[in-house]
Structure formats: structure tokens, C-alpha cells
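2 protein chains.
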Amino acid sequence: MTRDFQHEILPLIATRWSPRAFAPTPVAKGDLLALFEAARYAPSCYNEQPWRFILATTPEELSTMHSILFASNLLWAKSAPVLLLLLAKKSFTQGGKDNYWHMFDTGTAWGYLSLEAERRGLITHGMGGFSKKKAQESYSLPDDLAPVAVVAIGHRGSSEDLPEDLREREQPGQRQPLESLFYLPPSVLTAN
Amino acid sequence: MTRDFQHEILPLIATRWSPRAFAPTPVAKGDLLALFEAARYAPSCYNEQPWRFILATTPEELSTMHSILFASNLLWAKSAPVLLLLLAKKSFTQGGKDNYWHMFDTGTAWGYLSLEAERRGLITHGMGGFSKKKAQESYSLPDDLAPVAVVAIGHRGSSEDLPEDLREREQPGQRQPLESLFYLPPSVLTAN
Numbered sequence: 001m002t003r004d005f006q007h008e009i010l011p012l013i014a015t016r017w018s019p020r021a022f023a024p025t026p027v028a029k030g031d032l033l034a035l036f037e038a039a040r041y042a043p044s045c046y047n048e049q050p051w052r053f054i055l056a057t058t059p060e061e062l063s064t065m066h067s068i069l070f071a072s073n074l075l076w077a078k079s080a081p082v083l084l085l086l087l088a089k090k091s092f093t094q095g096g097k098d099n100y101w102h103m104f105d106t107g108t109a110w111g112y113l114s115l116e117a118e119r120r121g122l123i124t125h126g127m128g129g130f131s132k133k134k135a136q137e138s139y140s141l142p143d144d145l146a147p148v149a150v151v152a153i154g155h156r157g158s159s160e161d162l163p164e165d166l167r168e169r170e171q172p173g174q175r176q177p178l179e180s181l182f183y184l185p186p187s188v189l190t191a192n
Numbered sequence: 001m002t003r004d005f006q007h008e009i010l011p012l013i014a015t016r017w018s019p020r021a022f023a024p025t026p027v028a029k030g031d032l033l034a035l036f037e038a039a040r041y042a043p044s045c046y047n048e049q050p051w052r053f054i055l056a057t058t059p060e061e062l063s064t065m066h067s068i069l070f071a072s073n074l075l076w077a078k079s080a081p082v083l084l085l086l087l088a089k090k091s092f093t094q095g096g097k098d099n100y101w102h103m104f105d106t107g108t109a110w111g112y113l114s115l116e117a118e119r120r121g122l123i124t125h126g127m128g129g130f131s132k133k134k135a136q137e138s139y140s141l142p143d144d145l146a147p148v149a150v151v152a153i154g155h156r157g158s159s160e161d162l163p164e165d166l167r168e169r170e171q172p173g174q175r176q177p178l179e180s181l182f183y184l185p186p187s188v189l190t191a192n
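Line order of the protein sequences matches chains D and Z. So that you can map any letter, position 136 of the first sequence is 136 in this note's numbering, and since no number is skipped, the others follow by simple counting. So that you can map any letter, position 153 of the second sequence is 153 in this note's numbering, and since no number is skipped, the others follow by simple counting.
Calculated from the structure, these hints are not laboratory results. Each hint should be verified, as a subset may be incorrect.
Treat identical chains as interchangeable: a pair holds within one or across any two.
EDC-like mimics (lysine to aspartate or glutamate), calculated; alpha carbons at most 20 Å apart, straight line [said to hold, decoys possible]: (1) Lys29 to Glu179; (2) Lys89 to Glu137; (3) Lys134 to Glu60.
Since the structure is predicted, the reported quantities are computational estimates derived from the model, not experimental observations.
With the sequences and hints as input, model every part of the structure.
What follows is the structure, encoded as C-alpha cells:
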């Protein structure tokens with residue numbers, strides 16, 4: 001099923017989606033570091049930059065990351081050459097107050113990372129399906145760092161290598177109509 | 001002060017920053033709608049798409065939005081021709097459980113929106129400095145919608161029109177070194 005675009009947008013955004021079939025090809029170090037550079041330049045509240053990363057690329061690092069994934073994700077994500085745990089720092093570094101925007105800003109950084117990956121011919125797939133408790137234990141995370149998502153990164157593989165039920169789902173996701181995203185209908189949409 | 005890039009990245013990410021000086025020029029409807037189209041195609045947990053928007057472009061809509069901003073932001077944001085309140089739906093539509101990723105995913109959508117704006121020669125400036133209580137009251141927000149941030153959108157104006165203390169701050173923000181963003185130093189950074 002093809003996506004239905006109502007307005008012309010940045011091609012990288014239009015073509016990006018979240019495949020599950022990963023090729024065994026490793027990710028070049030320069031490409032990988034550029035993803036973090038892109039994330040680094042995301043905007044954030046008071047420029048706090050609350051995003052933090054745990055990166056797994058070696059067999060040992062990947063093995064620990066596999067151990068925190070839910071089985072349904074491990075099934076395909078075990079083939080990704082790179083796994084990344086996104087963390088969000090809950091308090092402001094200056095003053096120590098709760099940062100209401102720690103998840104929000106980390107989401108922006110992930111958005112930038114995902115587009116830099118698309119630009120470099122890499123695929124990404126973010127997962128909420130992992131054990132936060134296991135993540136906290138495995139990595140001895142301090143209370144101030146919230147585990148947010150695990151992202152699989154790599155080159156696209158063949159969907160033939162996926163289990164059959166996932167093979168059918170290996171296509172770009174659809175979206176709600178633009179109009180349904182406005183809580184109050186804005187005049188710009190309702191005006192003739 | 002120029003930004004220090006450690007790796008080559010998508011030019012739209014590298015050149016985007018958050019100015020405060022807005023020109024009175026209105027934003028074309030087609031440009032504006034494309035920003036939401038870009039946000040619409042962000043990835044989200046279980047494809048929930050928890051981002052919601054309240055858009056202000058008319059004098060009446062802008063006046064309400066001005067009334068929820070903190071004075072320090074109103075000072076400059078009152079010149080923006082477009083203000084946008086970002087909201088995040090706290091529960092999953094299917095099943096009704098809490099969506100741990102509602103702020104995170106809304107941040108990703110905002111990231112995509114910000115880059116589509118940059119692509120179209122528009123500036124954006126996200127603000128955490130607004131009253132959540134006033135936002136809830138002014139727009140009769142249901143408990144399930146968290147007010148997240150107000151974004152100013154428009155064309156860049158002259159920094160000469162800003163108050164003096166803001167004039168000095170009218171430049172791209174700096175970032176922490178890439179290395180400091182890794183909670184555990186990954187082998188890819190530490191290996192020779």
C-alpha cells in the first residue's frame with residue numbers, strides 16, 4: 001500500500017519508514033557517528049539536550065541489548081548490526097528541577113537521527129517493546145535517566161528472511177488524515 | 001559564534017536554529033500545511049500518532065495564544081504571524097492504557113515539522129515558557145491531552161527590532177560534545 005501525501009514534503013521524511021528486515025552488512029563508523037551528530041543539533045528546552053545514548057555494535061554489547069528486548073522484537077531485531085538505547089535525563093542540569101520536556105526533546109533528537117540515517121541509506125526502527133526494568137538493571141541506570149526506546153539501525157535486508165507474519169507487515173505505515181490532528185479546527189483549514 | 005560540527009550532516013539540520021526576530025510577512029497556507037504533513041509522517045510507538053495541534057493565525061486565534069505565554073516569551077513571540085500549541089495524547093486510542101511515549105513521539109513530529117520549515121525558508125522557535133494551566137482553561141483541553149510547547153513560526157525578521165538583551169542572543173545555540181551524550185562509552189568511540 002502506498003502512502004497518501006496531501007502536501008509535498010522533504011523527500012527524506014516521505015520515504016523513511018521502519019522496516020524489520022536487516023542485512024548483516026555492518027554500519028560504517030563515519031555513518032554511525034553522523035547520526036549522533038544530527039541528534040546533537042536538535043533543539044531542546046533551555047538547550048538542556050537531555051538525550052543520552054547507549055550504543056551496541058560488538059557481539060558483547062549487542063548481547064546485553066538483546067536481553068532487554070521483548071521476544072516479539074528480538075525475533076527480527078537480533079539481525080540488526082547496531083542497536084541503540086535512547087535515554088532521557090529527567091532533571092535540568094542547572095538547578096536540578098524536573099524537566100517536563102525530557103521525553104519530548106529526546107523525541108526530537110531521535111527524529112533528526114532517523115532522517116540522517118535515511119539520508120545515508122540506513123534504515124531505523126524504533127521500539128517501545130523492551131523491559132525498562134531490565135534496562136535499568138543491565139546498565140545500572142541512575143534514577144535520573146529514563147529508558148525511552150531501543151532503535152535498530154542498519155542496511156535493509158530481504159523481507160524473505162523475516163517470519164511470514166512479519167513479511168506481510170514489511171511496508172510503510174499509514175497515517176491519520178491531517179485534519180484529525182487538529183484539536184480545534186484552525187481557520188486556515190476551514191476558510192474557503 | 002559559529003557551530004562546531006564534528007561530522008557532516010543533513011544541511012537542513014546544520015543550518016536550523018531558533019531565532020526570535022520575526023518579520024510581519026504572513027506564512028503561505030501551502031507552506032503551513034506542509035509543516036503538518038511532515039509532522040504527520042513521523043514514526044510513533046504502535047503508530048499511535050499522539051501529536052495534536054492548535055494553530056493560531058488570525059488576530060483572534062493569536063490573541064488567545066498570546067494570553068498563555070510567559071511574559072519573557074510574549075516580548076518577541078507576539079511578532080510571529082503563526083503560533084502553534086503542541087499537544088500530546090496521553091493514552092493509547094486502542095485499549096486506553098497510558099502511552100509512555102506520548103511526549104517522545106510528539107517530539108519526533110515537532111522535529112520533522114522544524115526541518116520542513118527550514119526547507120521552506122521559515123523559522124521556528126519552540127517555547128516551554130507558557131502556562132499549562134491557562135492552556136488547559138483557554139482551550140478546554142481534556143485531561144487526556146497534555147500541553148507540551150508553543151512554537152512560533154514565520155519568516156526571519158531583523159534582529160534590530162529585538163530588545164537589546166535578546167539582540168545579543170540572536171545566534172545559533174551551541175551543543176555539548178558528542179562524547180558527553182553517551183552514558184556508557186561505546187566501543188565504536190573508544191576503539192582505535
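Do the hints match the structure? See the list:
1. Only between protomers do Lys29 and Glu179 lie at most 20 Å apart by alpha-carbon distance; the minimum there is 14 Å, versus 41 Å within a single protomer.
2. For a Cα distance limit of 20 Å, the shortest separation of Lys89 from Glu137 inside one copy, 17 Å, qualifies, whereas the shortest one across copies, 30 Å, does not.
3. Taking the shortest alpha-carbon separations for Lys134 and Glu60, only the intra-copy value of 16 Å comes in at or below 20 Å, while the best inter-copy value is 50 Å.
In summary, the structure agrees with every hint in the numbered list given earlier.
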